[in-house]
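Residue numbers (my numbering), protein chains in the order written: chain A, 1 to 298; chain B, 1 to 298.
Any given hint could turn out to be false.
Note that identical chains are pooled: a pair holds if it fits in a single copy or bridges any two copies.
Stated by the list, open to error - Listed next, the in silico DMTMM-like pairs over lysine to aspartate or glutamate satisfying Cα-Cα at most 20 angstroms (straight line):
| # | residue 1 | residue 2 |
| --- | --- | --- |
| 1 | 138 | 208 |
| 2 | 138 | 250 |
| 3 | 151 | 43 |
| 4 | 138 | 49 |
| 5 | 30 | 208 |
Hint data in this document are derived by calculation from the structure and do not stem from the laboratory.
There are 2 protein chains.
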Amino acid sequence: MSAPVIAFSGSHIDRADHIRNDPQGLAALKTWQARLLRLDGLDPALTAENMLEWGSLADAAPDSELVFLGLDGDRGCFAEVRTSYPSGSPHAGPASWHAMAVLEAGELATYGGARSLVSWHARHRFCAVCGSPTALAKGGWQRTCVSETCKAEHFPRVDPVTIMLVEHAGQILLGRQPRFPVGRYSALAGFVEPGETIEEAVAREVFEEAGVRVRDVTYIASQPWPFPSSLMLGCHAHADDPAITVDITELEDARWFSREDAIDALEAVAHGENGRAFGAPPPTAIAHLLLRWWVERG
Amino acid sequence: MSAPVIAFSGSHIDRADHIRNDPQGLAALKTWQARLLRLDGLDPALTAENMLEWGSLADAAPDSELVFLGLDGDRGCFAEVRTSYPSGSPHAGPASWHAMAVLEAGELATYGGARSLVSWHARHRFCAVCGSPTALAKGGWQRTCVSETCKAEHFPRVDPVTIMLVEHAGQILLGRQPRFPVGRYSALAGFVEPGETIEEAVAREVFEEAGVRVRDVTYIASQPWPFPSSLMLGCHAHADDPAITVDITELEDARWFSREDAIDALEAVAHGENGRAFGAPPPTAIAHLLLRWWVERG
């Protein structure tokens with residue numbers, strides 16, 4: 001697994017961050033040639049060929065703010081931040097799951113990054129320090145408080161989340177959240193808190209959710225997950241004692257599964273089905289990639 | 001380096017997160033036995049024996065909010081969020097560097113986690129969604145908008161930052177920021193942005209800051225860095241072409257250093273001095289740990 005395909009990574013757009021700090025350079029990109037990513041609320045608009053749909057800056061509402069996503073060749077790519085959005089679940093909805101299933105990897109990554117940024121702007125129109133309005137700055141990679149006495153600078157959030165396969169005697173620990181589809185089990189996961197390493201967060205989450213103590217935490221892979229703006233940190237760890245105590249405020253169930261269970265579930269999910277022992281997460285989820293990594297290392 | 005000592009990790013306090021959601025359990029901990037971490041602004045207050053100084057809840061100002069840090073045995077540990085703080089640099093100041101030099105590892109971790117949380121509260125008294133005031137919730141692990149029509153929930157930030165040793169032909173790439181002490185060079189670093197994996201962020205930052213393309217990024221270790229709330233993600237990568245183009249808006253200089261340079265600099269910094277070729281970062285910085293990892297792997 002030296003070069004895994006991780007959903008939401010590999011955008012072809014050059015972030016060209018030097019332009020963010022260059023008001024003249026940024027203005028010069030806002031021509032009739034510039035591309036505006038079409039969104040339906042926060043969902044992607046797709047063409048008949050299952051590509052991202054792009055328009056021109058003329059399509060943006062007059063009172064919208066524009067986020068500079070980067071360069072496609074020499075053309076500026078932007079996304080529109082509207083003045084209001086329907087409030088919705090932070091989790092991926094049907095339109096996002098559809099996009100994950102049909103979009104080319106680089107296109108999906110472009111959408112994911114844009115979605116995280118646009119939703120951050122939509123939820124940060126006011127200054128958390130003083131309550132005054134904020135205005136988009138640096139091409140959308142900052143918001144600045146408009147109050148002359150505050151002028152606080154705010155930056156897009158990226159929330160690190162640990163997600164881990166815990167192993168004991170050739171089996172792995174998976175859990176089931178109430179909101180999961182029928183039969184689905186997946187890797188345990190939880191946000192990294194202030195004052196923790198990745199490795200400490202893994203150990204705390206597994207103990208909180210399943211009552212299992214772990215050792216020898218190793219990092220496997222990461223994934224940006226734009227619902228709304230997580231950085232998934234995929235890890236592996238070992239447990240010496242398999243006794244499980246499920247925290248029912250977090251999980252409906254947690255169990256140990258064998259390598260055969262995992263192989264069967266991965267085969268079944270490729271056909272959209274559950275395996276005999278459980279239903280695996282879909283290929284776009286990092287939990288799927290962790291399962292695949294684990295069964296392939298033998 | 002199977003068990004590196006990473007500054008700001010290893011707090012002895014049990015986060016006891018189930019109590020955060022239990023108002024009665026939380027209230028029951030606010031007794032005369034509870035401990036209140038003493039802070040001087042955001043700096044630590046130290047005893048004559050170089051331990052963290054703790055008082056009782058009676059020491060908190062009447063209009064302060066209380067953050068539940070966790071349990072020390074069966075005693076609740078809290079920190080005070082005052083109504084105002086002197087505005088200051090987000091970087092570590094002299095009092096913090098002193099604490100890093102003298103505090104026992106677990107104590108330093110307790111301070112770091114508390115500092116990140118308290119400074120987050122101090123800068124999030126208002127709702128970023130609607131501008132209304134917010135109130136502390138869930139023992140300080142959330143703030144909630146007081147507006148009945150909004151009620152938005154806000155969570156403490158943890159900002160992932162990549163920091164990387166790039167290697168070419170047995171040498172490593174280090175850079176110098178203008179604010180560094182005389183002679184200091186350190187690993188390049190930068191925030192992970194929405195829509196990026198750790199590995200993509202490493203590649204983008206090294207190219208932006210030094211014009212160097214990298215491959216084969218591997219994760220080495222992580223560190224919480226409470227200035228104000230970073231999660232440092234220490235990585236290693238390889239470069240095929242050593243030609244450097246320094247981005248002078250970010251760095252004053254960037255250069256390749258040999259293993260002998262690094263060994264000499266690590267020896268010198270143990271005595272508070274610069275090495276012959278450069279001054280290494282202090283032992284509490286993850287860049288120091290990365291350098292040590294690199295020279296020890298031979």
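Hints, verified against the model:
no. : hint        : in the structure
1   : 138 <-> 208 : between (40 angstroms within a copy, 16 angstroms between copies)
2   : 138 <-> 250 : between (39 angstroms within a copy, 16 angstroms between copies)
3   : 151 <-> 43  : neither (32 angstroms within a copy, 24 angstroms between copies)
4   : 138 <-> 49  : neither (34 angstroms within a copy, 47 angstroms between copies)
5   : 30 <-> 208  : neither (50 angstroms within a copy, 23 angstroms between copies)
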